[in-house]
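*Asks:* Taken in order, these protein sequences are the chains called L and D. For the first sequence, the working numbering assigns the number 78 to the initial residue and increments by one for each residue that follows. For the second sequence, the working numbering assigns the number 852 to the initial residue and increments by one for each residue that follows.
Hints are computed from structural coordinates only; laboratory data are not their basis. Just so you know, even glycine gets a beta-carbon here, dropped at the ideal spot from N, CA and C. Heads up, a few of these hints could be off.
[Stated by the list, open to error] Selected chain D positions facing chain L (in silico; Cβ < 7 angstroms): (1) T869; (2) T906; (3) A907; (4) Q908; (5) T910; (6) T917; (7) D918; (8) N919; (9) G920; (10) S921; (11) N927; (12) A961; (13) A962; (14) A981.
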Amino acid sequence: MIRSIVCSRPDGGVSVLHPTEYAYARTKGGGLNLPYPRQMCIDNMVKNGKRPGFAKRWVDTAISGGMTDAEFYEAIIEKDMPKNYSAPELVSCLPDRWFRNAWKRSHNGGPIYIDLARAKTVQAQRIDRFLEGKMLNKAESLLAELDDSWADIVPLIQQIKRARSLEELRTIWPKGH
Amino acid sequence: MDRTLFRTLNQRPPVAATQAEQETGTSATVFVTPGRQQYHPSSVKGWVKHDVSATAQATYNVGSMTDNGSADWSTNWDVDFSSANYSAWMGFTYTAGNFNRMIAARGQTAATLQVATFSTGGADEGNVGAIFIGASGDQ
């Protein structure tokens, strides 16, 4: 089973990297059809900010595989973890997502904890969204009450279609209004 | 097709498209092989189906997914695009309740595409099931 990688963000929050089966398989066994010749792929990665040595290693394993598990996780961290993130660490399980935006972690690593002040904001937002949904439901029921009025519109549309003069057209109007 | 027939018709046997021919995408005389199909400008260069925790169910050319927070995910391409000028599209399944979410790209580099789902109150992953991402462009 491929493990996830937690890392600490500069804002104190937590990001989680999930390496894919696709990358795992090709770094083990190679066989990838590169879109350009090897050196162009390496140059492209360097242009996008990767170290030349790393770019070479990443591209070569695409062709021939051969990475160990430890090398694979190190490569994913180097390739996909932003440079200003810190303390990457392999994990097998993560907290429940209910308070996801309240997750915090030390810049030096360690366990993920939930910040109460942030969690209060998360919960308030959740309630706000729930009530907003309730209001939408109310609005829908109000519209349903108006449906009877819409029934009058169909014959009016037919009258409009059949109207042969401006004078006749102007006389077409909902009854009682 | 039988080689004898080609000799009879005084034609060359069919030739596989080179990578350059596939990238140019204009030849009507060479044929496409599976190993070079993806070099055509119209082909999809990467795709993923993942859930709200950024766990991928299926991918092509995706090295990893990043869970940046609630309703905020990054797709990290295995082989990068040549620049940030590529096209991407995204969608998601909705599991219950009022359909008042949208999905949008909120960041794009040659190596990464960041997307988020929103409701009127801001970033919101509630009732979002699977997220679908695809991208085409020059690698």
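*Asks:* State for each hint whether it applies.
*Replies:* Hint by hint, here is what the structure shows:
A distance limit of 7 angstroms between C-beta atoms decides the matter here; for T869/D the minimum to chain L is near 12 angstroms, and the interface restraint is violated. The interface hint given for T906/D is met, as the beta carbon of that residue sits about 5 angstroms from the closest beta carbon of chain L, less than 7 angstroms. Interface hint at A907/D: satisfied, since its Cβ lies 5 angstroms from the closest Cβ of chain L, which is below the 7 angstroms cut-off. For Q908/D, the shortest C-beta to C-beta distance to chain L is roughly 10 angstroms, which exceeds 7 angstroms, and the interface hint is violated.
The beta carbon of T910/D comes within 5 angstroms of a beta carbon in chain L, closer than 7 angstroms, and the hint placing it at the interface holds. For T917/D, the interface hint holds, since its Cβ comes within 7 angstroms of a Cβ in chain L; the closest pair sits about 5 angstroms apart. Below 7 angstroms, beta-carbon pairs count as interface contacts, and D918/D has one with chain L at about 4 angstroms; its hint therefore holds. Using the Cβ-Cβ criterion of 7 angstroms, the hint placing N919/D at the interface with chain L is satisfied: the shortest such distance is roughly 5 angstroms.
Taken as an interface hint, G920/D checks out: its beta carbon lies about 5 angstroms from the nearest beta carbon of chain L, inside 7 angstroms. Taking 7 angstroms as the C-beta cut-off, the interface hint given for S921/D holds, the closest approach to chain L being about 4 angstroms. Because the closest C-beta pair between N927/D and chain L is about 4 angstroms apart, less than 7 angstroms, the hint holds. Using the Cβ-Cβ criterion of 7 angstroms, the hint placing A961/D at the interface with chain L is satisfied: the shortest such distance is roughly 5 angstroms.
Annotation: A962/D was flagged as interfacial toward chain L, and the flag holds, the nearest CB pair being 5 angstroms apart, inside 7 angstroms. Restraint check, A981/D versus chain L: the minimum CB separation of about 14 angstroms is more than 7 angstroms; hint violated.
In this structure, the hints that do not hold are numbers 1, 4, 14, in rising order.
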